[in-house]
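J.: As a plain string of letters, each chain reads:
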Amino acid sequence: MITAETLWNDILKIREDAPLVHNITNYVVMNTTANALLAIGASPVMAHAIEEVEEMVGIARSLVINIGTLSSTWILSMEKAAQAAKKRGIPIILDPVGAGATKLRTDTAHKIMMDTSPAVIRGNASEIMALYHIRSITKGVDSSHKTEEALEASIGLAKKYNCVVSVSGEVDIITDGEKIIKIFNGHPMMPKVTGLGCTASALTGAFAAVNPHPLMAAAHAMALMGIAGERAAEISEGPGSLQLHFLDILYQMNESNIKERLKTS
Amino acid sequence: MITAETLWNDILKIREDAPLVHNITNYVVMNTTANALLAIGASPVMAHAIEEVEEMVGIARSLVINIGTLSSTWILSMEKAAQAAKKRGIPIILDPVGAGATKLRTDTAHKIMMDTSPAVIRGNASEIMALYHIRSITKGVDSSHKTEEALEASIGLAKKYNCVVSVSGEVDIITDGEKIIKIFNGHPMMPKVTGLGCTASALTGAFAAVNPHPLMAAAHAMALMGIAGERAAEISEGPGSLQLHFLDILYQMNESNIKERLKTS
Amino acid sequence: MITAETLWNDILKIREDAPLVHNITNYVVMNTTANALLAIGASPVMAHAIEEVEEMVGIARSLVINIGTLSSTWILSMEKAAQAAKKRGIPIILDPVGAGATKLRTDTAHKIMMDTSPAVIRGNASEIMALYHIRSITKGVDSSHKTEEALEASIGLAKKYNCVVSVSGEVDIITDGEKIIKIFNGHPMMPKVTGLGCTASALTGAFAAVNPHPLMAAAHAMALMGIAGERAAEISEGPGSLQLHFLDILYQMNESNIKERLKTS
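Residue numbers (the working numbering), protein chains in the order written: chain A, 17 to 281; chain B, 17 to 281; chain C, 17 to 281.
Any given hint could be a false lead.
Copies of the same chain are indistinguishable here, so a pair counts whether it falls within one copy or spans any two.
Said to hold, decoys possible - With a cut-off of at most 20 Å between alpha-carbon atoms, the simulated SDA-like pairs for lysine to any residue come out as follows:
no.	residue 1	residue 2
1	K198	L167
2	K102	D131
3	K175	H229
4	K127	I66
5	K155	D33
Worth flagging that the hints you see were computed from the coordinates, not collected in a lab.
Construct all of the structure, not just a fragment, from the sequences and the given hints.
T.: Here is the structure:
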């Protein structure tokens, strides 16, 4: 479904176009996701004021909504931005951080899914299971489940909302409800860096900005994350180095790195 | 009072339990404190919406309140979360960032101390002195005093609020009003990295989650900070490297590192 | 206009005085700008609550206002803080992030410029052109123009608001409407790190705190950014390393580094 070639072509497009990716995201990861978007060649903007989100969406090529540090005023802005994105036809990526952990997060994710038809819902296994009303064990924002356990929920959610569901974990699962792409790249040290899940969502926004096929865009983003993450972890002594090398490697990424490493089915 | 063994045992417990530490903290340090909590093996969550703080406290094992970038809506959430934590009996760590610099900060710290009985108040010398109504020179959020100057205030505050006071500085002082633990680890380059004080508070939250004895939990956190900080500084050319190595070293920390370095009385 | 000697003298003053720089800035860069201020020897504080900004300005030596992630409540605080700074006579640095991209940002920047007489307006070429009502192509917060294209707007804006305009780009342009200083330092990898423009504004705040001459303060900040950035980039494999080395190099900066590198006219 995706190959080293399709991934590389999308990276070249991102570098050429430098698409503006509008992020309404959480405080914890704003800096790291902006840096990841810059490193791969996209142009990030963070804007959340209700007075300006429509206008910012109006010049953006994709919208990433991440509910990691919600509040009621931000929810209003997310909805307004999402409506504007829907109207313009640019892809919306939803990262339902902590869905299942609190009612506010679960409800907000549901409302955005129902009202605004995201192109991609990108979360961890616990979050995806919670959104599909499968009783899951959640512990804040970290997943307590393997992605395989979330397979049914992923397919179900993708069918229900007619979108792509992208689940990060040891094996990444990306599905549009019919086709299933699995990515076997990545490294166990990656969850020790905060916000790499959110970074995956931000990069999905960059790929969705240049690739009209959300399933491929989402899979490309996860493959790139996995390849860069495992290369970075191999030369890192801990999560501090991993975070640094991850950005350097995104920036230097070339076709042969991808060809050597990509493991997908 | 604390030994390499007691500290190491708590680290093992944190790594085993991965306790959920709920942080309501400032914008500047959210990323770095989340990374430090992950590196030591805890599971951080940041959540500040008044609609969800009670629920998040309900699944957390400790609550860290840090007033570094206050606003009136966040104060309400801090109070609600602290009340929920008090009710559930999970430890509250209060970091009164900038107390003494503005009335808002001093008053907010006082209100939280009075209403919600924190297990540990963790600040710098200027902040602790300001909270004990000793005229101190404050310059924003950096301390203008040595911890020894804050000894009387630390003991007095600990007695008054029946809690542990943990003061970071060249020598760290941790007291429950009776016993006094001093930590002599650390490095002068540490204050050149923003948020290492806030990181100390977050790690205190992780230790308090696994150790029912707040004095030991607080001292363990400061000892770990000092040991990791001095090891990191020794191999760093500046505060940029220090921040990276600090996370790597937290992640790799082992018993012999602690035995070799711990300096306490 | 500026020389290695004038720049070095200001750095020594910052290190000696450790001036408190009050920042009301965007969420994305709070951590990195605080670290840059610490690395050069200043003392940063971030505070945005309307209840405390006046008091915080009261102990600060400069105020940096950055509109990168605006909202209506923050605008009120920015205005209140700026009025207090004006009254006290401490320099205000305005970074109009994304001016031209949305009406909210353009209008807010204009209002602050008109009401509070900033000492320095520090932005990229697109932002400065937008503020001077020259039709510019804007893409979120990244510039689509070379600084040379913003020369007319820089001079015009400086004259209109009787302030210094400092424009970052391949060649940095700093003008008070009469004199023009150009800095030729820097490196093409720098825009791949988020918030280096905001860091330039924060450092301008540090220099303006110790140097009563805003044109020199602004030029010193840009020269230091360029020198540290090009030294960091030369030993970096990507933007992750650049960010780290940049802080280390700021911290270690010495007179001979500056003498060897400074390129200005």
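J.: Compare the structure with each hint and give your call.
T.: Evaluated hints:
With identical chains, the CA atoms of K198 and L167 are at most 20 Å apart within one copy only, with a shortest distance of 11 Å there and 52 Å across copies. Only within a single protomer do K102 and D131 lie at most 20 Å apart by alpha-carbon distance; the minimum there is 9 Å, versus 38 Å between protomers. Proximity of K175 and H229 under a CA criterion of 20 Å is satisfied intra-copy only: 16 Å inside one chain copy versus 51 Å between copies. Proximity of K127 and I66 under a CA criterion of 20 Å is satisfied in both settings, with 18 Å inside one chain copy and 19 Å between copies.
For the identical chains of this complex, K155 and D33 are inter-copy neighbours only, at 12 Å across copies versus 39 Å inside a copy, given an alpha-carbon limit of 20 Å.
When the structure is compared with the earlier hints, no violation turns up for any of them.
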